[in-house]
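Taken in sequence, the protein lines are chains A and B.
For the first sequence, my numbering begins at 260 and goes up steadily by one.
For the second sequence, my numbering begins at 260 and goes up steadily by one.
Hints should not be assumed to be uniformly reliable.
It does not matter which identical chain is used: a pair holds within one copy or between any two.
[As the list claims (entries may be wrong)] No more than 25 Å apart at the CA atoms, straight line, and that leaves these computed lysine to any residue pairs for SDA-like:
#1 329 <-> 512
#2 329 <-> 508
#3 507 <-> 359
#4 507 <-> 358
#5 463 <-> 437
#6 507 <-> 354
#7 268 <-> 452
#8 463 <-> 323
#9 497 <-> 483
FYI, nobody ran anything at the bench for these hints, they're computed from the structure.
Number of protein chains: 2
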Amino acid sequence: MEIAETIVKAREVVRSWRSRGLSIGLVPTMGYLHEGHASLIRRAKEENDQVALSVFVNPTQFAPNEDLAKYPRDFQRDSALCSSLGVGLIFHPEPLEMYPSGFATYVEAPALGLNLCGRSRPTHFRGVLTVVLKLFNILEPTRAYFGLKDAQQFFILKRMVTDLSLDLAVVPCPIIRESDGLALSSRNAYLSESERRAALVLHKALTQAEASVLAGETNSLQVVSAMKKIIAQEPLAKLDYAEVVETKGLTLVNEIVGETLVALAVYIGQTRLIDNFLWKANNK
Amino acid sequence: MEIAETIVKAREVVRSWRSRGLSIGLVPTMGYLHEGHASLIRRAKEENDQVALSVFVNPTQFAPNEDLAKYPRDFQRDSALCSSLGVGLIFHPEPLEMYPSGFATYVEAPALGLNLCGRSRPTHFRGVLTVVLKLFNILEPTRAYFGLKDAQQFFILKRMVTDLSLDLAVVPCPIIRESDGLALSSRNAYLSESERRAALVLHKALTQAEASVLAGETNSLQVVSAMKKIIAQEPLAKLDYAEVVETKGLTLVNEIVGETLVALAVYIGQTRLIDNFLWKANNK
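All chains should be modelled from the sequences, with the hints used to inform the complete structure.
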């Protein structure tokens, strides 16, 4: 396994693969890898000749009041996991390598960031799109793998790939959960024991919502208000949003038809957690 | 010479070149080609195995009050010129091919658009960056050629290539002029006979400014105010801007040192024309 800290070195590795006609699966991460990331790596490994993984805590997707400085990091553990899973290249740049002096260019999809996480984190997706496009340009993947816990991120990136005429596939991968249902997240490391128990409220609200939709409920307001009630019963939880959007333009919908995303963001103490389920009419 | 109206077709041609190891020079244009474009094509031809040229009047770089609808077009003449100059591929898409339904993603460099054309055309460079990045992604050039008449555009695109980690070179090419000094522009076709004479005032102001700098003037205010006086003497001319910026961040400078851009935009009747000169300290 190669570890590249510079763009030049990463490109060298990737070009040597490309010149031999090998396909490349990319797993972009902010490190502190968990079983969710491992599932992306395994999928990338199955579908491609080589796997590149990036570890980069991207400053431009954090607002000044957010957790950039304390975001958990453990590169040695990440690197051992990657090696054991057969990753061929870890790209692990410093911020200045990605954002050199005078940096001025950003990618945006403002219309897709009006709801869900985009509303409470107005510069977040600009940072995500910019860094992911850079990673695509540097690592030239055939396919790139993203977990559906960050569902809004996935749909915005998919739109970017179409809009900017990028010749690669973005592959959505299912949410991986703890045995009790909590969606895996590097931010779960922030939770105290009591917060860890309280955090289950996201999964609880979503499974009840999904059950009601499965039983025939199509009214978003009903679904949202039932979820809000469940969140409100947990003293350590504070709702950021509970929303229902269609997956093309990510606009709020009153009726749950076609492909629909039901999503939550909830503060558990100081820690902001997100979770969701994706509904397709033909699930019925 | 191939003519591609779809992204799929263009990519097919370009990939067949790439697979044979050929280098590609790209000349992005809005068509209605003149000797300025021809000079870019010749340079691209000299430095690359194949030349691709795009003809696309890009709607996203025009504001609603601008001249999108009446922008001059003559694809047959363009195509004959390209063929005679040895262009290998013309990419000539319809707007819907470039901006499909639901299009939402844009590239921006807001800090570089605060002065010069960016101030009077606040959405212009967003449109330029977005379409040029798409052209880069579709046509995979080794080098892309841009005329320095659009100097701000060149410096913003150069910044984009660095910032987004694109693996290609943008090549600046000198302004081509009529024998009397008027910079070539497809928009010169809008000028009446008397306006055509009046349009010389841009070149006149700039050559006098350059002469004063060459003679040792380093005060931007002096240079700008001398240019404004010359423009004011022409009854058909109305100044949009006369500014002096450094070429890295495109911020206004008081002193003409290092690499500096002295630029003008002037309305001649209804037609907005631009021109400039680039000053490097080692010109002296």
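We went through each hint and held it up to the structure:
1. 329 <-> 512: neither (36 Å within a copy, 40 Å between copies)
2. 329 <-> 508: Neither: 33 Å inside a copy, 32 Å across copies.
3. 507 <-> 359: between (34 Å within a copy, 13 Å between copies)
4. 507 <-> 358: between (31 Å within a copy, 15 Å between copies)
5. 463 <-> 437: Only inside one copy: residue 463 and residue 437 sit 13 Å apart there, 73 Å across copies, limit 25 Å.
6. 507 <-> 354: Close across copies (21 Å), not inside one copy (32 Å); limit 25 Å.
7. 268 <-> 452: neither (42 Å within a copy, 58 Å between copies)
8. 463 <-> 323: neither (31 Å within a copy, 49 Å between copies)
9. 497 <-> 483: Close inside one copy (15 Å), not across copies (58 Å); limit 25 Å.
The structure is inconsistent with the numbered hints 1, 2, 7 and 8, although it conforms to all the rest.
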